[in-house]
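S.K.: If you read the sequences in order, they're chains D and V.
Going left to right, the first sequence walks through residues 1 to 251 as my numbering numbers them.
Going left to right, the second sequence walks through residues 1 to 251 as my numbering numbers them.
Honestly, the hints are just simulated from the structure, not real lab data.
Just so it is clear, CB atoms sit at the ideal spot from N, CA and C, and this is done for glycine as well.
Accuracy of the hints is not assured; some may be wrong.
[As the list claims (entries may be wrong)] Below 25 Å or equal to it, Euclidean Cα-Cα: the simulated DSS-like pairs (lysine-lysine) are:
| hint | chain 1 | residue 1 | chain 2 | residue 2 |
| --- | --- | --- | --- | --- |
| 1 | V | K86 | D | K134 |
| 2 | D | K89 | V | K134 |
| 3 | D | K144 | D | K111 |
| 4 | V | K77 | D | K89 |
[As the list claims (entries may be wrong)] Each pair of labels, with its calculated beta carbon distance range:
| hint | chain 1 | residue 1 | chain 2 | residue 2 | range |
| --- | --- | --- | --- | --- | --- |
| 5 | D | R112 | V | M30 | 40 to 50 Å |
| 6 | D | N119 | V | D88 | 25 to 35 Å |
| 7 | V | K37 | D | E46 | 52 to 62 Å |
| 8 | D | S207 | V | L68 | 23 to 33 Å |
Number of protein chains: 2
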Amino acid sequence: MQRYFIPASSWNENKVVIQGNDIHHITRVMRFVSGDKIICNSDTGEAALCEIIEIDHEQVVAEVLKWLDEDVELPIKVAIAQGIPKGDKLDLVLQKGTELGAQGFIPFQSKRSVVVWDNKKAEKKLKRFSKIVKEASEQSHRNKIPEVKQPMTINQLIQESLHYDMKIFAYEEEAKVKDYRTFGSILNQIDFGQKLLICVGPEGGFSSEEVNELKSNGFHAIRLGPRILRTETAALYALAAISYHFEEMET
Amino acid sequence: MQRYFIPASSWNENKVVIQGNDIHHITRVMRFVSGDKIICNSDTGEAALCEIIEIDHEQVVAEVLKWLDEDVELPIKVAIAQGIPKGDKLDLVLQKGTELGAQGFIPFQSKRSVVVWDNKKAEKKLKRFSKIVKEASEQSHRNKIPEVKQPMTINQLIQESLHYDMKIFAYEEEAKVKDYRTFGSILNQIDFGQKLLICVGPEGGFSSEEVNELKSNGFHAIRLGPRILRTETAALYALAAISYHFEEMET
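Work out the full structure, taking the sequences as your base and the hints as a guide.
M.R.: In structure tokens form, the structure reads like this:
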């Protein structure tokens, strides 16, 4: 069933008032009429089966038929810090990362980022990012839309990392050192509800200064398999492995 | 270091004769000259550190300096059978699936495939597919290039599946039945070297006839996390989970 994320301010007891871009989708793309059923998600995580009771070009009103008791969120809270990559790779990370359960995304300017974040285009870009994660949340039936933060420097990212219970970064060289800890041993240490920050470098990986800085600030280096992954594949591997570990491994 | 897959027929004791498209990459893209070092992979899985000793527009000759004792292949052999999806999604599955260690790909015509495989364009398409998996193999430092099979019908796929030790298909509805077996319990049953076939439906998923047919031919239905994944994301989740299970979980 089609699903829409509606801000909490648009809910009034058992009525939902839908406005903005969703109107086009409801009336033109899906061609819904009064009496049709949709699922509405509040941005606080609740979801309800609703029936459309009023429909026009300005707004759609839907009535709650039944509150849904569903939760498909990952049992741990995962944020992806992605070194700003070239082209539209960040779009792919946002779309697929949302499908795979990320709770947030933090683009950051890494030393080897070829692309420099353009503040003049920032507003437009962040608007596109919001659209991508909202649509991917609806498509994948998420309870919550992930947050996309403003791009930050690596120093700001390290400040931000103080809010997390565990911090890791993708760095395949690390697997060659003696006291290497596997990704599995890290995940075994995380309890349900805890916050994990996963940091992925841009195309050229992290510089050695960045590696040292991350390590001295409590980030563990992990390997994501022995093959060399492109930057946009690394976060997807990490999220799939986390889902497998916490949601699909029990026998 | 840059890596090239060179057919076994181009190896002569400790010399490798490189021809075709790789010449452009070596001379124009990488601007290599005599004395530069590259890694050459034979399509039988061996790899060697080589030095370029002759270079012109027709061919490049490289000499083996050292045979490399590296193996980054997944410990189990995984083939992805992908219901033919829309647009360029199959390209993404091939590229990312190669990075993540798939040993082969089998496109198949599923009942809900919107796109019908056009036999007139088949040669051109398969050529592009070969290029994608070759380049992704080089980039991810694979020992072997995955094979992309000619598209087949679901009945041909079921015939093909007789060559596999374990067969699964992505079908989230299955998680709701009582005797559901998790993805983890399936992977626990597979030994190193065994062959696993993973079958993913196109955008609309499998029809109920296809589900019944797969089940009655020994395919196990599995869930890839509780969120709804797009068709092109499913294979990537499965491969990342397999890598995690067999390569990164041990503590």
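S.K.: State for each hint whether it applies.
M.R.: Comparing the hints with the structure gives:
With a C-alpha separation of about 22 Å, the suggested pair V:K86 and D:K134 falls inside the 25 Å cut-off, and the hint holds. Only pairs whose Cα atoms come within 25 Å are accepted, and D:K89 paired with V:K134 is accepted, the gap being roughly 21 Å. With a C-alpha separation of about 32 Å, the suggested pairing of D:K144 with D:K111 is violated against the 25 Å cut-off. Pair hint V:K77 plus D:K89 does not hold up; C-alpha atoms about 29 Å apart against a cutoff of 25 Å.
Restraint check, D:R112 to V:M30: a C-beta distance of roughly 19 Å breaks the suggested window 40 to 50 Å. The hinted window of 25 to 35 Å between D:N119 and V:D88 holds, with their beta carbons roughly 32 Å apart. Separation of V:K37 from D:E46 is about 59 Å and conforms to the stated range, judged on CB atoms against 52 to 62 Å. D:S207 and V:L68 have their C-beta atoms about 27 Å apart, which keeps the hinted 23 to 33 Å range intact.
Hints 3, 4, 5, counting from the list given before, are not met by this structure.
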